[in-house]
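*Asks:* Given chain A's structure and the hints, the job is docking chain B with the ligands onto it.
Protein chains in written order, with our numbering: chain A, 1 to 107; chain B, 1001 to 1416.
Honestly, the hints are just simulated from the structure, not real lab data.
All of these numbers come straight from a predicted model, not from anything done at the bench.
Incorrect hints may appear among the rest.
[Stated by the list, open to error] Stretch-level coverage of chain A by chain B, calculated; a stretch enters the list once three of its residues show a Cβ under 8 Å from a Cβ in chain B: (1) 20 to 29; (2) 33 to 42; (3) 95 to 104.
[Stated by the list, open to error] Result set (DMTMM-like, lysine to aspartate or glutamate): computed pairs, CA atoms no more than 20 Å apart in a straight line: (4) B:LYS1391 x A:GLU8; (5) B:LYS1340 x A:GLU69; (6) B:LYS1219 x B:ASP1188; (7) B:LYS1391 x A:GLU78; (8) B:LYS1396 x B:ASP1351.
[To be verified] Taking CB as the label site, the calculated pair distances span: (9) B:MET1213 x A:SER65: 29 to 39 Å; (10) A:PRO62 x B:GLY1039: 20 to 30 Å; (11) A:PRO62 x B:GLU1260: 48 to 58 Å; (12) B:GLU1371 x A:ASP93: 57 to 67 Å; (13) A:GLY11 x B:GLU1068: 26 to 36 Å; (14) A:GLY11 x B:GLY1372: 44 to 54 Å; (15) B:ALA1349 x A:SER65: 28 to 38 Å; (16) B:ARG1229 x A:GLU13: 53 to 63 Å; (17) B:GLU1068 x A:SER65: 16 to 26 Å.
Beta carbons are placed, not taken as given, at the ideal position from N, Cα and C, and that holds for glycine.
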Amino acid sequence: MAKVTFIEHDGLEQVVDIPTGWTLMQGAVQSGVAGIEGECGGSCACATCHCYVDEALVDSLPPPSETEEEMLGCTASERRSNSRLSCQIRVSDALDGLVVRLPEAQS
Amino acid sequence: MGDSAQADAGMVEAGMVIVGAGQGGLQVAESLRAEGYDGPITLIGEEAATPYHRPPLSKAILAGTMEEAQLAIRGAEFFERQRIALLTGMRVVAIDRSARQVRLEDGRRLDYSGLALATGARVRRLPIAGDGLDGVLGLRSLDDARRIRGALDRAARVVVIGGGYIGLEVAAAARKRGLEVTILEAADRLLARSATPFLAGFYADLHRGQGVMVELGAKVVALDGEGGRVSAVRTADGRSHPADLVVVGVGIVPDTALAEGCGLACDGGVLVDDCARTDDRAIVAVGDCTARRTGTGALLRLESVQNAVEQGKSAAAALLGRERPFTAAPWFWSDQYDVKLQIVGLSAAHDRMVLRGSPEERRFSAFYFREGALVAIDSVNRPADHMVGRKLLDRKAALTPDQAADETFPLASLTR
Ligand SMILES: Cc1cc2nc3c(=O)[nH]c(=O)nc-3n(C[C@H](O)[C@H](O)[C@H](O)COP(=O)(O)OP(=O)(O)OC[C@H]3O[C@@H](n4cnc5c(N)ncnc54)[C@H](O)[C@@H]3O)c2cc1C
Ligand code: FES
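Isolated chain A, as found in the complex (with noise of 0.2 Å):
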């Protein structure tokens, strides 16, 4: 189980507890976090659950898979450094305390 908090692009901040296993994207709709759509549910194939990641901890998580990388470049609004699919990320306890940022579109 991980705290992880999303800020939407308007600035919202939601605090959401998502269990060990889960992706990042699962606990953020299910929680109704409203700045991820994931509409493929989480196969990598739409590229509507982008975010940008906490700089300090991007460098923690596993790299994105060729997959996600070239999704990654194919993202509605800007993709920076940090970006990720958050569909691609498990969430584990040392994800406690991540603050991930919502970009200004998805679609």
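*Replies:* Below, chain B with the ligands without anything else, positioned relative to chain A:
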């Protein structure tokens, strides 16, 4: 004058009613709020579960890498916050268009000012002997997936009837569990309804390479059983294929019962225009239950998440009297083994195909052209081609076959 003013003041707005709490129905509700609608929204679904993603049912759920709780598209907090009344485990049995009411199975009637039909589809049954035996299962709902997952735990030999996407995904999941798997497809190739012969051939090779027996031109004539349980599948050539689990994936039948019952125009689906409107201005329809009359007059039936989501957005706008046509190129994906397929556009009418990348390395895109214009792209483990391809098709970019085949040509340069 006094009368009508009083009547208005005393009238409670009936609000929006959505029948079917799946991908499309939920999208209508969500988009109504996004469009600024502030009145009552009631989302009614026959299934017990809150709206969930169906694609993982034939993928991660069967593979055992995803729990059921992870399937929900939105959680309870979302419905509260958006003030969407979600009624699960409740079937709508009739629509009374003149009274603008729906009737629920418990006898209640709900008034509507706008109504959305998002009833989805049901699995097509086999019109042959033995279809009702234990161990013969279709896959549409979470309940179906539970039954198949349970059966896979006990099965040794699986026969999949029908080589469409769902059948192929089930075959891949069963094979990954080490079971003996046979696919019986009546047509002379896999994916006959939806993909090109080239792509179908790629998938036949892929499955055979994984040890699946792929039988083409195999017409199933009967299912044999022992003690009420299926034991074999018989084909027209006289062969018997032993099985302790049979998964039937021969397509779906759009659920048009309610629409037909109240006299809405249907033609292999509830007929809608590009804005998801039916022939009754108070009623819209979205997703797998629809057939769309496009701007060019063609009848289009799509079974995909994108279609449910985009029609859902159009439908919400239409209920509020706005036009937001869905004209984007259709897209779809399928995951089998370590192969991710992403399709955009409609390849059926193509007259030329060129390849970018290498089918041998399982990393390529097939670009399809008709009279020189790009009409579709199938991407296998090439997600960037697919994502750029969506833009190319939506903008009708002038990509040439030579450019498509040339790996040094930057596709994205045509989207700027
Ligand atoms: C196993 C599987 C795998 C798939 N994989 C993919 C994929 O990889 N990519 C992709 O793009 N698409 C995929 N699809 C297709 C996609 O899931 C559907 O196109 C999409 O779910 C359609 O949404 P819908 O809202 O139209 O219908 P549904 O999601 O089916 O929802 C319809 C709901 O309406 C309810 N209902 C029907 N009648 C009534 C009534 N009278 N009263 C109350 N409720 C009613 C039903 O119970 C159902 O819950 C897959 C589908 C399945 C089954
Ligand atoms: S949910 Fe579709 S890519 Fe993450």
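*Asks:* It remains to establish, for every hint, whether it holds in the given structure.
*Replies:* Do the hints match the structure? See the list:
1. Coverage of the region 20 to 29 of chain A by chain B holds. Counting CB-CB distances below 8 Å, 5 residues qualify, and the rule asks for three or more.
2. Judged by the Cβ-Cβ criterion of 8 Å, the region 33 to 42 of chain A is covered by chain B as claimed, because 5 of its residues qualify and three suffice.
3. Under a criterion of three residues with beta carbons nearer than 8 Å to beta carbons of chain B, the stated coverage of the region 95 to 104 of chain A fails, only 0 such residues being counted.
4. A threshold of 20 Å between alpha carbons decides the hint, and for LYS1391 (chain B) with GLU8 (chain A) the separation of about 26 Å lies outside it, so the pair is violated.
5. A threshold of 20 Å between alpha carbons decides the hint, and for LYS1340 (chain B) with GLU69 (chain A) the separation of about 14 Å falls inside it, so the pair holds.
6. For the hint linking LYS1219 (chain B) to ASP1188 (chain B), the alpha-carbon distance of about 10 Å falls within 20 Å, and the restraint holds.
7. For the given pair, LYS1391 (chain B) sits about 16 Å from GLU78 (chain A) by alpha-carbon distance, which is consistent with the 20 Å threshold.
8. Distance hint between LYS1396 (chain B) and ASP1351 (chain B) is fulfilled; the C-alpha atoms sit about 17 Å from each other, no more than 20 Å.
9. The hinted window of 29 to 39 Å between MET1213 (chain B) and SER65 (chain A) holds, with their beta carbons roughly 31 Å apart.
10. Roughly 45 Å separates the CB atoms of PRO62 (chain A) and GLY1039 (chain B), a value that falls outside the hinted 20 to 30 Å.
11. At roughly 51 Å, the beta-carbon separation of PRO62 (chain A) and GLU1260 (chain B) lies within the given 48 to 58 Å, and the hint holds.
12. Between GLU1371 (chain B) and ASP93 (chain A), the C-beta spacing of about 58 Å keeps the proposed range 57 to 67 Å intact.
13. At roughly 34 Å, the beta-carbon separation of GLY11 (chain A) and GLU1068 (chain B) lies within the given 26 to 36 Å, and the hint holds.
14. Checked against the hint of 44 to 54 Å, the pair GLY11 (chain A) and GLY1372 (chain B) passes, with Cβ atoms roughly 49 Å apart.
15. The beta-carbon spacing between ALA1349 (chain B) and SER65 (chain A), approximately 35 Å, falls within the hinted interval of 28 to 38 Å.
16. A hinted range of 53 to 63 Å holds for the C-beta pair ARG1229 (chain B) and GLU13 (chain A), which are about 55 Å apart.
17. Evaluation of the 16 to 26 Å hint for GLU1068 (chain B) and SER65 (chain A) yields a pass: the beta carbon distance comes to about 25 Å.
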